[in-house]
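Since the structure of chain H is provided, determine the placement of chain U on it from the hints.
Residue numbers (my numbering), protein chains in the order written: chain H, 1 to 469; chain U, 1001 to 1439.
Mixed in with the good hints there might be a few duds.
The list that follows gives simulated cross-link-like pairs (lysine-lysine, DSS-like), each with its CA atoms no further than 27 Å apart [claimed, not checked]:
no.	chain 1	residue 1	chain 2	residue 2
1	U	K1300	H	K422
2	U	K1352	U	K1315
3	H	K396	U	K1300
4	U	K1300	H	K284
5	U	K1071	H	K297
Estimated spans, in silico, between C-beta atoms of each pair [as the list claims (entries may be wrong)]:
no.	chain 1	residue 1	chain 2	residue 2	range
6	U	E1303	H	T216	31 to 41 Å
7	U	L1179	H	F194	50 to 60 Å
8	U	D1299	H	R295	32 to 42 Å
9	H	L18	U	K1187	26 to 36 Å
10	H	S167	U	E1367	55 to 65 Å
11	U	H1013	H	S199	56 to 66 Å
12	U	S1310	H	H71	22 to 32 Å
13	U	E1367	H	H71	33 to 43 Å
14	H	G406	U	E1303	19 to 29 Å
15	H	R295	U	K1071	23 to 33 Å
16	U	I1283	H	F194	18 to 28 Å
17	U	A1047	H	G198	28 to 38 Å
18	U	D1057	H	S435	52 to 62 Å
Hint data in this document are derived by calculation from the structure and do not stem from the laboratory.
Glycine residues also receive a C-beta, built at the ideal position from the N, C-alpha and C atoms.
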Amino acid sequence: MWQIIKNEWSALSRNRTLLGLSLGFLLVLLLSVLLGIQQTQEQTQRYEQAQSELRQQWENIEAMNPHGAAHYGTYVFKPSNLLSSLDDGVNSVTGNVLRVEGHVQNEIVHSEASQMQSVSKFGKLKSSLLLQYILPLLLLFLAFNSISSEKQSGRLKLLVLQGATPSSLIWGKTLSVWLYGMALLTLTVMVYAFLNLGSITTEIVNRTLFFYLSYTLYYFVISGLTVLISARWQNATVALTSMLGIWILWTIFLPNILLSSVEQWHELPSRNEFQTAMREDRSKGIDGHNPADERGKELEEQTLVEYGVDSVSQLPINFDGLRMQADEEYGNQVWDKHFGHLRDVLAKQKQTYQLAGIFNPFISLQNASMGFSASDNLHHQEFLVQVEGYRRNFIKILNDEHAFGGSTTGDWGWEADNDFFKSVPDYEYQPVSLSAVFPNYIPDLLLLSVWTILVSLLLVFGTKKMQIV
Amino acid sequence: MKIRSIFFYEWKHFARSPFKVVALLLFVLAAGYGLHNGASLYHDQMAEIDRIEQTIDENRQEYLTYYDEGKPGPENAPWINLAEPFWAVWFNYIYHFKTPSPALVYSMGQAEQYGFYKRETCWASPYDADMTQEIANPERLQTGTLDFSFALLFLLPLLLLTLLYNIKSMEAEQGFLPLIEVQAASKNTWLLSRVIFYLGLLAVLIVGLLLYGAMLTGVFSAEGGAFGQTLLFSFFYLLFWSVIYYLILRSGKSILGNTLKMVGIWLVIAFILPAAVLQWISIEKPANLMTDLIDAKRDKSQEIYDLPDSVFRAKVDALFPEIPTSPVAQDSTRIATAYSDCYSALINELMKSSIVPIEADNELKNELVRSSYWLSPITFFQNRFNTIAQTHYENYQIYRNEIQAMIDKQIRTMVSDTWNDTKIDKQKYLDYHTSLKTN
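Isolated chain H (complex conformation) (with noise of 0.2 Å):
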């Protein structure tokens, strides 16, 4: 087998069209990775600047009342990760800026993609793209005639005469092709490694092995298939055509058709739903900035019973900061229920679309280059979460000052200093792990690994009647 893979490779260098492609899609290839990198570098230095600008004018307050700087808050920029330059994923569609304030658990807003006219239906140009639309398209064109052509000349005779199984011809044939494909995802996956030396770290590398995994397993089924039809089609046109509107009903068809079913079979609240039920939900708890509210009352009652006085003004401390961060415990109660509904629904939609893998390895594919690129849904949800995390800790932080800092119930004109703002902590992203969300990916990979399998079987056993003439 392996001299037959040696006949093939040398074959394929001695085809010039064939060579011209290669290089041409290799530049590209190299010029997406450039490009990728560049991008990230850029879009990171602008998100470093403008953290340290707004953490500049958190930390110049000179005096400000704690409850004045909840509403004052901050806001937090989506980090782009090293891997985004390789599969860019969700990242465009998805907002940048994130309000963090008081009372309210706000939404990511101004996306990239709304601050242009369309321009790229299928994203920018960035090595996924390529990896997984144009990459197989060549390994497709590289195979379709690969038994077909050596049927027709005759060869394919001659070479069962010389003492080669027609189970060898095939396997050699696809392990060539595909060895083609992995030569470029090899090469792709080194020079990004190469242009980020400095800042690898084996969470990048184990991410990254999982993400060419998942595509060694995808070049292997097209190109298995493309061999396999090859073999079964006479005609080298039939068998292009044939693979080609595999490939049509696999990358363009049914992604695109599939996800917008699965948003109608698990439905999204409409904004104006989502927001009236959580005000509805918000306004049957405390409210922080009215003391004659009924709850409000409550708790001001067991208050005073705790520190053992008659009125909020024999209370050493500041009722209204306790007010108000009973007011956000209440509120982080709604903004669980509802934003948590929410992310219960779009993982239904993830793992209903994952399913769709058995009848499309692209959209295996896509998941898996997505989530171990960290730039999926998942992972922009978990950016979320560890955001919510943060403005709940930083308006306890405030209320707590508020309460406990030294004012006394009423004395809304009492100011917390600077020493106090610049201890408050800066946002800092926790690029979330692999093993945190790897079992998510399972049923992506697992499928690839079933096609794999499937793919192999047809051709060892789908190809045994193969006709040698």
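Showing chain U alone in chain H's frame:
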């Protein structure tokens, strides 16, 4: 051979090619599905607007009863006084909608990237968080919805490829080409006629699909002849690909060679060039993190609150020169309260000035996109279809401008009535609703 005969034989050839017929049916299926997706979004948006309008009516009825009962406002909110212009305007629930065009059925464009309803208040801005997109799965947004324009822009060239890929080259490979030359007066006319046959077939198909789409949302009632314009640009697009494929067929002699060239061109035009343009723009002009807007909302707004009274009042008077001669300005006991209602006016001016560089930045990006049309024709056609369907960036920019104009009008009315000591009764409350709904 007469052109009519060429058409006749081509029809027979087409009807006997199951592969070509299936491809055509698949395209019809995809385009039909896309039309239904567009229609569904149109109906969803219309239903949402109806729901909001109903809620507005209910809310306003509640506030009208306070006027009937002679109460200043809800009992649990004693600070509200509906006789004051500020509160009467605030509780008028003025919304501005971007009512979808029926032509949305053809191109969903950027409709899912922006909000289409907005409550106008004196404190609102067209860049508020509620102007963001509807809640949707980001992965679906990234992949895009299969709408009619997607089918037309990306699948039509593939269908055309399927219909044309073996024309002439099959005859060349089977050795019939000399025979054709004998039968037909000119080989090129014969080839051109066959290409024109499919062009005609697809043109008829497009007309049929557009008519079907028109029935789903009533496109003929849309402004500006959306149907005719979509049809025209669809024909241009079809012609664009037909010319490219014709030139390939004319020069090539093998089926495989032609197929590879056609697919290659399609890949470059549909995938590589738009993606490269987008990547280039993202590097030239990275996503705006809106720090100008953030500064305006926080620090610069705070600076306005911290202004000494004399400076603040001078700024307000400069904005509203009629204030010093107004009735309330003559009553020293009410001046401070009336001025406090003017903070929103100065902050609105501040927000407007902070928006200018953001929009200029976006316009630069759009300029870059426009300058790349010659390199990425698919981007040009995509944006043409979006413009016709009123789902283009520019349409949302107009919507934002309208919102800003309505906010300006609301502030002007509120400030003017406050300083002229206008007492708001039920009729005036109703008048506000009528007058403030338009810009």
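Okay, the hints, checked on the actual structure:
1. U:K1300 to H:K422: Status holds; Cα separation ~21 Å.
2. U:K1352 to U:K1315: At roughly 16 Å apart (the allowed maximum being 27 Å), U:K1315 and U:K1352 satisfy the hint.
3. H:K396 to U:K1300: With a Cα-Cα distance of about 26 Å, the restraint between H:K396 and U:K1300 holds, given a limit of 27 Å.
4. U:K1300 to H:K284: violated, 35 Å
5. U:K1071 to H:K297: holds, 25 Å
6. U:E1303 to H:T216: 31 to 41 Å: Since the Cβ atoms of U:E1303 and H:T216 sit about 58 Å apart, the hinted range of 31 to 41 Å is violated.
7. U:L1179 to H:F194: 50 to 60 Å: This hint holds: roughly 59 Å between Cβ atoms.
8. U:D1299 to H:R295: 32 to 42 Å: Taking Cβ atoms as reference, U:D1299 and H:R295 lie about 34 Å apart, which means the hint holds.
9. H:L18 to U:K1187: 26 to 36 Å: Holds - the Cβ-Cβ distance for H:L18 and U:K1187, about 31 Å, lies within 26 to 36 Å.
10. H:S167 to U:E1367: 55 to 65 Å: holds, 59 Å
11. U:H1013 to H:S199: 56 to 66 Å: Hint holds: Cβ distance 59 Å, inside 56 to 66 Å.
12. U:S1310 to H:H71: 22 to 32 Å: holds, 26 Å
13. U:E1367 to H:H71: 33 to 43 Å: The hinted range 33 to 43 Å holds for U:E1367 and H:H71, with Cβ atoms some 38 Å apart.
14. H:G406 to U:E1303: 19 to 29 Å: holds, 27 Å
15. H:R295 to U:K1071: 23 to 33 Å: Holds, at about 24 Å.
16. U:I1283 to H:F194: 18 to 28 Å: At 20 Å between Cβs, range holds.
17. U:A1047 to H:G198: 28 to 38 Å: violated, 54 Å
18. U:D1057 to H:S435: 52 to 62 Å: 53 Å Cβ-Cβ, so the 52 to 62 Å window holds.
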